[in-house]
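Line order of the protein sequences matches chains A and B. Adding 1350 to a residue's 1-based position in the first sequence gives its number in our numbering. No gaps in the numbering here: position 70 of the second sequence is 55 in our numbering, and each next residue is one more.
Since the hints were derived computationally from the structure, they do not count as laboratory data. This structure is a prediction, so every number in the text was calculated from the model and none was measured. We put the beta carbon where it would ideally sit given N, CA and C, even for glycine. Just to be clear, a hint being listed does not mean it is correct.
Chain B stretches covered by chain A per the calculated footprint, using a threshold of three residues with CB under 8 Å from any CB of chain A [stated by the list, open to error]:
id, region
1, 184 to 190
2, 262 to 273
3, 277 to 288
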Amino acid sequence: MQTHRKKKIEIIVEKARVRSVLERVEALGAKGYTMIPDVSGRGHHGDWGHSDILDVYRSVLVIVIADADIAQRIVDESQQILQHATGIIYVSDVDVVRSEHF
Amino acid sequence: MLELVNLGLSNLLTPMILCFALGLLAALLRSDLEIPEALGRGMALYLMLAIGMKGGFTLAEGGAGLEVLAGLLVAGILSFAMPFVAFPLLRLLVGLDQVHSAAVAAHYGSISVVTFVTAVQFLDLQATSYEGYLVAMMAMMETPAIISGLILARRSAMGTESGRGPGLGLSSELLREILVNASVVVLVGGFVIGWATGDRGAAMVKPFIQDPFNGVLCLFLLDMGLLAARQMRSAGILTPRAFGFGVAMPLIGAGFGLGFAALLGLSLGGATLLAVLAASASYIAVPAAMRLALPEANPAVYVTLSLVITFPFNVVFGIPIYFGTARLLGFS
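Construct the complete structure from the given sequences, taking the supplied hints into account.
This is how it looks when you write it as structure tokens:
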């Protein structure tokens, strides 16, 4: 089966910032996203994302698959969105089957 | 004095407070005890709905007059004004910078529902009744402090580097957080439903709203103990002066609360609850708003202060102190 090369952008960000991240992602031309509502880990902000009723420490993983130019625009703008926030963004290559969906 | 000690002891030796202690202990011993998050949220909803309805039923019983409006007005003023009292203390005595002072101050203007609920249980134990509309006052006090926090943060820092530009930076997201915040919706909703349905409604929901209330509160306070102990790991960033603020500010707040209670002519129970409201600090609604509005403030500072210091202080010592003081001042 034929596949198409796309970029996968993964953004881990604290819950308070998710709405603005998603707004920008869509405004920059991505056709959709997948969200994992609760992830946890450890980084240079220390432990983050332990899930409890204090939403303030909750982190969310947003996965976006898009064309390379859109991915680049999202990465370029991400530092502004993620300023002062706990967050990670990275990009990798993926192959998708239904190119027109992304 | 001896009476105060007695009151304190009778508060300490309830299953609710002992469950809180159990949670603290379990987390400090690194037990694997954990309350599933969904259950924690469910219990928080239950407690808010139940306390809202209880307040509404009580109000329906006694009938409502202008005093309810006066109470709501006072509640709004208290919540809005308290951050302006806390801010200079934080700046000058604790030595926090402007943004952190503003963020912390906002927490102390807002309230903690669980502290209020625990105080209601304490009053039941003392066979002391309270005015039902205190619940509506609580809902009213939840968010005005957020605006004060923003004013304090922006006062000399219009248009900072994060590009929010001039003005208060009240995004639609933040406005939604302030106006239709989940706890405000559930508290006010429960209150109005309770008020509208009165005795008939009370009889219908009693087995769910009244009877399991203390048991749920036990389990919830167990969770709060776990949360507070876990947050203690961040306590290292707080100075001794900050700890001092975490204990002094509730006492100052309670003073204001009792003053306004006298103005409103509240009963002993009502005065105690208003003191508790003014003394307590938020650890759910306001942190979420501050992450949106003042992201440069480190959440560990405000969450630790309100959750690790002020919350336990109020629940264990504050409630009997405010009750005892209100009684000494002649509230009846």
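Okay, the hints, checked on the actual structure:
Counting residues of the region 184 to 190 of chain B whose C-beta sits closer than 8 Å to any C-beta of chain A gives 0, which falls short of three, so the coverage hint is violated. By the rule of at least three residues with a Cβ nearer than 8 Å to a Cβ of chain A, the coverage given for the region 262 to 273 of chain B holds, with 4 such residues. Counting residues of the region 277 to 288 of chain B whose C-beta sits closer than 8 Å to any C-beta of chain A gives 5, which meets the bar of three, so the coverage hint holds.
The structure shown violates just one earlier hint, number 1.
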